[in-house]
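Asker: So the sequences go chain by chain: A and B. The C-terminal residue of the first sequence carries number 244 in my numbering, and the numbering is unbroken. The C-terminal residue of the second sequence carries number 244 in my numbering, and the numbering is unbroken.
Treat the hints with care, since some could be wrong.
Identical copies carry no separate label here, and so any pair may be met within one copy or between two of them.
Cut-off 25 Å, straight-line C-alpha distance, at most; resulting in silico cross-link-like pairs (DSS-like, lysine-lysine) [claimed, not checked]:
1) K61 x K143
2) K61 x K126
3) K189 x K243
4) K146 x K222
5) K213 x K243
6) K164 x K241
7) K164 x K112
8) K67 x K146
9) K199 x K61
10) K181 x K61
11) K112 x K213
12) K199 x K241
13) K126 x K146
14) K222 x K241
15) K199 x K181
16) K222 x K61
17) K222 x K143
18) K126 x K164
19) K199 x K143
20) K146 x K241
By construction, these hints were calculated from the structure, which means they are not laboratory data.
Protein chains: 2
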Amino acid sequence: MKWKSRFGSNSSLLLLNFHHLKGDGFYTMPDILIIDDDPYIGDLLQETLENAGYGVSRAFKGTDALKILSKEKPDLILLDLMLPELSGEELLPMIRDIPVIVMSAKIDVSNKVDLLLGGASDYITKPFDMRELLARIAVQLRKNEKNELTFRDLTLYADTLTVKVNSTEIRLTRTEWAILKLLMQDPLKPVGKTAMLEKISADTPDCTERSLKQHISNIRKKLQSVNGEDYIEAVYGIGFKMKS
Amino acid sequence: MKWKSRFGSNSSLLLLNFHHLKGDGFYTMPDILIIDDDPYIGDLLQETLENAGYGVSRAFKGTDALKILSKEKPDLILLDLMLPELSGEELLPMIRDIPVIVMSAKIDVSNKVDLLLGGASDYITKPFDMRELLARIAVQLRKNEKNELTFRDLTLYADTLTVKVNSTEIRLTRTEWAILKLLMQDPLKPVGKTAMLEKISADTPDCTERSLKQHISNIRKKLQSVNGEDYIEAVYGIGFKMKS
DNA sequence: GCTCTTTGTGATTTTGCTGTGATATAATGA
DNA sequence: TCATTATATCACAGCAAAATCACAAAGAGC
């Protein structure tokens with residue numbers, strides 16, 4: 001049975017985290033990392049989140065956050081943009097596979113787009129209502145648990161092997177899904193063909209560079225069948241990336 | 001529902017993008033070389049940087065710095081301009097491929113421009129707030145890790161083979177990118193045509209002096225398509241350099 | 001058995017990259 | 001000044017990479 005500890009707290013508080021019993025094991029509430037240099041707001045957030053049952057850890061500087069993340073993996077990150085030493089914008093692209101909700105005082109439209117493209121899952125402008133924050137946290141955690149991956153108007157579902165394009169669902173084959181997942185995990189960076197082959201070789205051992213292209217073409221065709229848009233871009237001599 | 005493992009497990013190391021990954025996978029914090037003849041300021045800097053987790057080495061004279069640089073390659077250099085024997089201004093053009101942040105008591109505007117054109121990545125005027133310095137260090141290290149190269153309003157990206165001109169992104173071919181990188185690495189110095197050919201010969205073995213000119217022309221055209229400006233200057237009989 | 005889906009491969013078309021000849025423009029030096 | 005040489009651009013051709021079509025082999029489900 002897996003057993004977890006809250007980071008930054010002593011063991012006497014542990015039991016508070018374990019009120020959700022499921023199956024024959026302990027179900028643990030998600031952990032949230034707050035990255036904010038303002039101690040007042042941070043305390044407020046921590047109290048709210050702990051009252052809601054989440055495990056909470058704190059970082060006040062970007063470098064602290066990196067240190068924590070090198071040791072522990074929270075289920076969600078609340079990231080303030082204004083940070084000393086290493087700003088939130090710089091920190092954001094370093095975080096992978098963890099949903100990040102960006103909190104900032106002023107986010108204009110282009111900034112929002114940049115953030116979402118840069119890897120943020122959601123954003124919320126300060127000051128905000130705590131209930132709204134809790135709702136957004138729940139949404140992100142739910143997506144994470146269901147292994148959903150979103151980029152622009154595409155949402156990839158793990159359990160059904162499908163993508164939603166503008167609320168129309170498309171069925172993918174196992175390899176198509178694996179490839180699209182690789183591309184959507186890092187929408188900005190192109191993924192090399194050999195790198196792709198390695199990563200999906202577990203499922204498809206004899207997939208060659210030749211057949212990979214065919215799969216890409218098939219994915220394109222399926223996505224284009226909805227609104228005619230091409231979501232995949234070739235980087236000559238390198239590989240593929242999502243169109244941004 | 002997701003079952004998660006113990007929080008303290010180190011599996012999360014995989015999930016972060018450690019751009020500082022060196023050698024065979026050990027994560028090391030960046031090394032910074034401090035070049036300053038003032039022992040008091042130097043000590044203060046060293047303490048601050050080591051507290052922030054960086055590795056630090058010191059040089060008190062320009063000649064010392066050269067000796068150190070011939071043996072080891074730091075990830076960033078903090079350079080004081082007022083140095084005995086070999087001044088910072090003289091030292092600066094000798095440093096290649098390492099971001100340099102210049103620290104100086106008085107930098108007027110023209111001086112700032114000269115420094116940046118001459119190869120400094122950033123400058124900071126003494127006295128300065130340590131947090132500001134740490135922030136600027138983080139910015140430079142991050143750019144270095146991501147293989148970004150900036151000159152005026154151009155930013156060159158390695159992974160996508162693109163340049164950003166005033167926030168509009170332009171795609172380059174492999175050779176165009178290699179050439180522009182050579183030019184932007186030290187924008188003041190003209191690069192000879194034969195020297196260019198040698199350095200990009202790995203990618204393009206049969207690129208001749210004749211075709212090199214064509215590539216230059218193509219780069220110019222692509223850059224001009226944004227704002228009509230010509231960023232490349234020909235030095236008669238020598239080669240090319242960036243327009244400053 | 002049959003059908004449908006998935007997946008890899010050959011063949012072909014399309015696209016983009018790169019080098020070269022021809023020609024025009026600009027710089028240098030006597 | 002003119003002659004010479006270097007530089008700039010156009011247009012095009014050869015080639016390599018990418019995209020698509022059509023089809024066959026291998027499984028899955030009935």
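Asker: Give the relationship of K222 and K241 under a CA distance limit of 25 Å: within one copy only, between copies only, both, or neither.
Answerer: Result: close both inside a copy and across copies, 17 Å intra and 22 Å inter.
Asker: Within a copy, between copies, both or neither: which one fits K199 and K61 at a CA-CA cutoff of 25 Å?
Answerer: Neither way: K199 and K61 sit 32 Å apart in one copy and 41 Å across, limit 25 Å.
Asker: Measure nothing new, just compare the shortest in-copy and cross-copy C-alpha distances for K199 and K143 to 25 Å and report within, between, both or neither.
Answerer: within (22 Å within a copy, 27 Å between copies)
Asker: When no copy is named, should K222 and K143 be tagged within, between, both, or neither for a Cα gap of at most 25 Å?
Answerer: Cα proximity of K222 and K143: one copy only (23 Å, versus 37 Å across).
Asker: Go through the copies and call it for K146 and K222: within, between, both or neither, with a Cα cutoff of 25 Å.
Answerer: Classified as within; 23 Å inside a copy, 33 Å across copies.
Asker: State whether the alpha carbon distance between K213 and K243 is at most 25 Å within one copy, between copies, both, or neither.
Answerer: Within one copy only: 17 Å inside, 31 Å across.
Asker: Reference check for the pair K164 and K112, CA-CA at most 25 Å: within, between, both, or neither?
Answerer: both (22 Å within a copy, 19 Å between copies)
Asker: Tell me, please, which holds for K199 and K241 at an alpha-carbon limit of 25 Å: within, between, both or neither?
Answerer: within (15 Å within a copy, 28 Å between copies)
Asker: Reference check for the pair K126 and K164, CA-CA at most 25 Å: within, between, both, or neither?
Answerer: Neither way: K126 and K164 sit 31 Å apart in one copy and 31 Å across, limit 25 Å.
Asker: Under a CA distance limit of 25 Å, which applies to K126 and K146: within one copy, between copies, both, or neither?
Answerer: neither (28 Å within a copy, 30 Å between copies)
Asker: Since the copies are identical, ignore which copy is meant and state whether K222 and K61 lie within 25 Å (CA to CA) inside a copy, between copies, both or neither.
Answerer: neither (44 Å within a copy, 40 Å between copies)
Asker: At most 25 Å between alpha carbons: which applies to K146 and K241, within, between, both or neither?
Answerer: both (24 Å within a copy, 17 Å between copies)
Violated hints, in rising order: 9, 10, 11, 13, 16, 18; the structure is consistent with all others.
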